[in-house]
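Participant: Chains as they are written, first to last, in the working numbering: chain X, 1 to 569; chain E, 1 to 133; chain S, 1 to 439.
Just so you know, not all the hints are guaranteed correct.
Said to hold, decoys possible - From the structure, some residues in chain X lie toward chain S, with a derived Cβ separation under 10 Å: (1) 76; (2) 99; (3) 121; (4) 195; (5) 242; (6) 342; (7) 347.
If you're looking for bench data, these hints aren't it; they were derived computationally from the structure.
This one's a predicted model, so the numbers in the text were calculated from it and none came from an experiment.
Every residue gets a Cβ at the ideal spot worked out from N, C-alpha and C, and that includes glycine.
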Amino acid sequence: MTEYLIKNGFVFDPVLGIRGDATDIAIKDGKIVETDAVKNPKVIDATGKTVMAGGVDIHAHVAGPKVNIGRNFRPEDKLFNARPGRGIERMQGGFSVPTTIRTGYNYARMGYTTVMEAAMPPLYARHTHEEIRDTPIIDQGAFPVFGNNWFVLEYLKNHELENAAAYIAWLLRATKGYAVKVVNPGGTEAWGWGLNCENIHDPVPYFDITPAQIVKGLIEANEYLGLPHSMHIHANNLGNPGNYTTTLDTFKLSEGIRPRGRFGRQQVMHHTHVQFHSYGGDSWRNFESRADAIMDYVNAHDNITIDMGAVTLDETTTMTADGPFEHHLTELNHLKWANADVELETGSGVVPYIYSPSIKVCAIQWCMGLELALLAKDPMRVFMSTDHPNAGPFIRYPRIMKWLMSQEAREQQIETFKHKDKVIDATHIAGIDRELDLYEIAQMTRAGPAKALGLSEMYGGLAPGLTADVVVFAFNPNEPYAPDDIEKAFGDVEHLFKTGVHIINNHEIVSNGNKRTLWVNARVHENPQVMRDVREKFLRYYTVTLNNYEVRGHHYVPNPYVIEVDATQ
Amino acid sequence: MAIRVNLITGRSIEQGVSMEAGKGKPAYTAACGIIELDPADFKKLGAFRNTNVRVTSEYGSVIVKAVEATQGPHPGVAYIPMGPWANMLVDPDTYSTGMPTFKGTPVEVEIAKDEPILNSLELVRKGCRGELA
Amino acid sequence: MTKTVTDVICPFCGTLCDDLEVVISNDGKNLLEVYNACAIGAEKFLQSQAKDRLIRPRMRQEDGSWKEITYDEAIEYTARMLASAKKPLMYGWSSTNCEAQSIGSEIGEYVGAVMDNTATVCHGTSLIAVQDIGIPSCTLGEVKNRADRIVFWGCNPAHAHPRHMSRYSIFPRGFFTGKGHTGRKMIVVDPRVTDTARIADIHLQVEQGRDYELLDAIRVAFKGEQLPDVVAGIPKEKIYEVAETLKSGRFAIIFFGMGVTQSLGKNHNIDAAIAVTRDLNEYTKAAIMPMRGHYNVTGSGQVWGWQFGFPFAVDLSRGFARYNPGETTANDLLRRGEVDAVFIIASDPGAHFPFSSVKKIYDLPSVAIDPHETPTTEVCKVHVPVAFVGIEAGGCAYRMDNVPIETRKVVEAPEGMMTDEEFLRSVLARIKEIRGFKR
Chain X
1 MTEYLIKNGF VFDPVLGIRG DATDIAIKDG KIVETDAVKN PKVIDATGKT VMAGGVDIHA
61 HVAGPKVNIG RNFRPEDKLF NARPGRGIER MQGGFSVPTT IRTGYNYARM GYTTVMEAAM
121 PPLYARHTHE EIRDTPIIDQ GAFPVFGNNW FVLEYLKNHE LENAAAYIAW LLRATKGYAV
181 KVVNPGGTEA WGWGLNCENI HDPVPYFDIT PAQIVKGLIE ANEYLGLPHS MHIHANNLGN
241 PGNYTTTLDT FKLSEGIRPR GRFGRQQVMH HTHVQFHSYG GDSWRNFESR ADAIMDYVNA
301 HDNITIDMGA VTLDETTTMT ADGPFEHHLT ELNHLKWANA DVELETGSGV VPYIYSPSIK
361 VCAIQWCMGL ELALLAKDPM RVFMSTDHPN AGPFIRYPRI MKWLMSQEAR EQQIETFKHK
421 DKVIDATHIA GIDRELDLYE IAQMTRAGPA KALGLSEMYG GLAPGLTADV VVFAFNPNEP
481 YAPDDIEKAF GDVEHLFKTG VHIINNHEIV SNGNKRTLWV NARVHENPQV MRDVREKFLR
541 YYTVTLNNYE VRGHHYVPNP YVIEVDATQ
Chain E
1 MAIRVNLITG RSIEQGVSME AGKGKPAYTA ACGIIELDPA DFKKLGAFRN TNVRVTSEYG
61 SVIVKAVEAT QGPHPGVAYI PMGPWANMLV DPDTYSTGMP TFKGTPVEVE IAKDEPILNS
121 LELVRKGCRG ELA
Chain S
1 MTKTVTDVIC PFCGTLCDDL EVVISNDGKN LLEVYNACAI GAEKFLQSQA KDRLIRPRMR
61 QEDGSWKEIT YDEAIEYTAR MLASAKKPLM YGWSSTNCEA QSIGSEIGEY VGAVMDNTAT
121 VCHGTSLIAV QDIGIPSCTL GEVKNRADRI VFWGCNPAHA HPRHMSRYSI FPRGFFTGKG
181 HTGRKMIVVD PRVTDTARIA DIHLQVEQGR DYELLDAIRV AFKGEQLPDV VAGIPKEKIY
241 EVAETLKSGR FAIIFFGMGV TQSLGKNHNI DAAIAVTRDL NEYTKAAIMP MRGHYNVTGS
301 GQVWGWQFGF PFAVDLSRGF ARYNPGETTA NDLLRRGEVD AVFIIASDPG AHFPFSSVKK
361 IYDLPSVAID PHETPTTEVC KVHVPVAFVG IEAGGCAYRM DNVPIETRKV VEAPEGMMTD
421 EEFLRSVLAR IKEIRGFKR
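Next comes chain X alone, as it looks inside the complex (with noise of 0.2 Å):
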């Protein structure tokens, strides 16, 4: 394979350690290698420009049946902004929904290479797998939700932990998923019913079992199993004023666990958008942001990580396995409702949510995103996301990174709030003079969810051996710049490498790559009690066979990348 030699670049790469030095880095046979290991590569003249690992998004909704709602349900979201394929490049479509090939080429274009599908719905993953399948250059994995499953509810009300595990290793195979993903523990199965559990201590109705026994069971069967990821959730009461304190709540149920596995995580439970977790007051009058006691108590526990869901004030498509949450949005702000609750398994909802900074609260949600990321100590833990397309579209993740960056764009933004002195009463922004680095912003984009998400080994940096996923920006962190540049050169990446292939050439795409779906694998002691369970459920209560559930077939996962754990010790 091609060898390429990106000299001379601004390199920041927090697992090489290297804040913005100029550095060469090689790439061969698809991995980064030390320089003299290429004979006779094709060099990229990076001068002046600054270099990165590929980026890895830890949780977007991006593929399955909840996203494709999305899509057909709302054609003005495609509305003046298709773009005509040209080249390699196939036609496009969607703004806070694009369909799956302008998803992969925007992400290229950002300069990411890994993304993770926030959730799937096992019933339906052959649905994600497709779409994953029909997006080009990135590779991909999808998390299955365990959090409202009949199997799991069972199980750990019963604490049969080695049995959830069992369980948990056979879904991931069957499903070709990669992570055990929680949303809204219990409520979700509450809501088939059309009721909720709202804090951890609710149980599900016929259940009996409380969110605080589900969260705890399944960090605990995640631990057992060794899974490269750790149990990955969104807690009960999302969106409410007063939530932090339910939020607060779950982080404490992963105290006094350690991580167990050979992944290098040290975190055992990652929570997503904290952002829509971090409310205070107790009505729409008094909401205010809590993201310092949010953040007090993730900076004090290293077991944690977190992602910021933060609010970019666009017209936006909300999208979750949080259906109660969904309906009570639509009562909210009477715009369309789409449900979807998955016998045995999950539930989702579906509205168009417009964030507009002449809304104190959409102001306020703004502010609580980035205070989260500003009053971080360890970017290794906290990473950039927009819970896409939720609190706004990935596309809008260069515009975070000028925010984060320059408190000069964020008292811009803060100018146009129509409510601007209570926003400002509500929240601590504006007495928040931090600006991050690149350093940091390549911490908490590439570095950071790489080791959250047990890939440290494959992506993240630039180390040789790493996949060689890199990117060159046009932007000269040691020339003056206006915020504005920052936006402008980190959405339109001047080369992107994708394991070894030259993608983005000149801000040009000139491939559409091979990309990869990462699952899981784990192999546990054979538990005839579990598959008789299975077998039992299957012939009583789904309504597709045994036989016809597990996702199988080239078509569905064309080029797998199968990560091995062994449960079995």
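Please arrange chains E and S on chain X, whose structure you already have, making use of the hints.
Facilitator: The following block gives chains E and S in isolation, referenced to the frame of chain X:
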């Protein structure tokens, strides 16, 4: 005497089964080349069951066999299973939705006992060539 | 001598039963028996073995007769027709697998076609309504395990989705529904006393075409407000009774079909039905689901959704995807003479479009890909028979509740027959050659 009824179209088991065997075959004609009339409408029409009739709407005309309604009573409503006979009659106007108005077509039914019922392939072929009576 | 293939998926309707058992000869060439299918599904499987089945393409001659041609010749005609057309219509897609649909998308994108599927004459108006008001829904297993109030509005599953009631909606004993149908209340709304209505607890024999008013009246009844004495032919006492029955349930589900999608009101009827469901969620849990017709029309909508952003009526002729029902829908395009070639696959518009549209297909260069001889093949210039998906080829299909199931290849296709996928791939390759790989 000719009668006026409100025509709807739709699926039937016989339509489904016969089409899988082939729409050129007699079973499909027997399943779909029919109009189901309520006994009260038969009486007004003054025909015996299983008589051929001509059904005419603003949009076209077709010969089918009049049979007694199998899922009635529904006086005033007539039923032709979905297929090329029914589609000779329906309003093609989609009202900007893409959907022709398949259900709810005012039609006139009169006895035409000597006129033949064409099979589905003949019907569309002759129709396209302008060879229909 | 024989072997039995289990867990076979039936490729007929949106019920997408996946528990069929098919007995085949040991050499895998002959299909002998089918178990568990409904009459229509069984017929589909068994008729695939018909002795008079067409196994080679054919082209219409000047004198009106058919002449057998090779697959290569059929590919050539199709590729040339699509490559030289200014705005071809590529219609159907509903009785084939997602892989074929996906290659079709590539072709459509390449030649600037308008892509439309059978939703255009089935649940297209539902899709339009969903784009206005959304849709609270669920999977069929939620119905099986939880639902105790079932409404069939404008649909007749006894005839169109024969195993629906026994597999999902009325008879099964689910986790929370151990009493089976005795624990459920069934309501049917239909202008006829259909075979489905005959087993219902309540049948509202609505005046044909007046469903919108009745749906609206139910919303009024939910709120306990005043109604006129009779709405759409139904006395108000009955309407209040139905409203109370629905509110008193634990989980209500409305299944709906052509009675409301095809009658005047069309998408507005569906909008009203979804509004009823939304309102009902204030009192109890409620969901609504369209009874999709073809076994993979849902899949076509999904594939185009993620590739283009729209579920049907997708106009690619300007190089990017546009959607405007009434403008980009098949029947409107044909009526107004706005397409200059027609490619039809996995559907039968010749039988199911208004005749005036069929005449337009007859007048244009046209190709039909279909295992059977149909009114569509009768009016096209080239007819290409292919293997049956779900019988002689596998591939993904999406059920009416959007659950994707992988269909199985159960038996070999007749010697030398192509599958949809193979044919489409060859057409795409040939088009690229003809156009010199330029779009």
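Participant: Broken hints, numbered, in rising order?
Facilitator: 5
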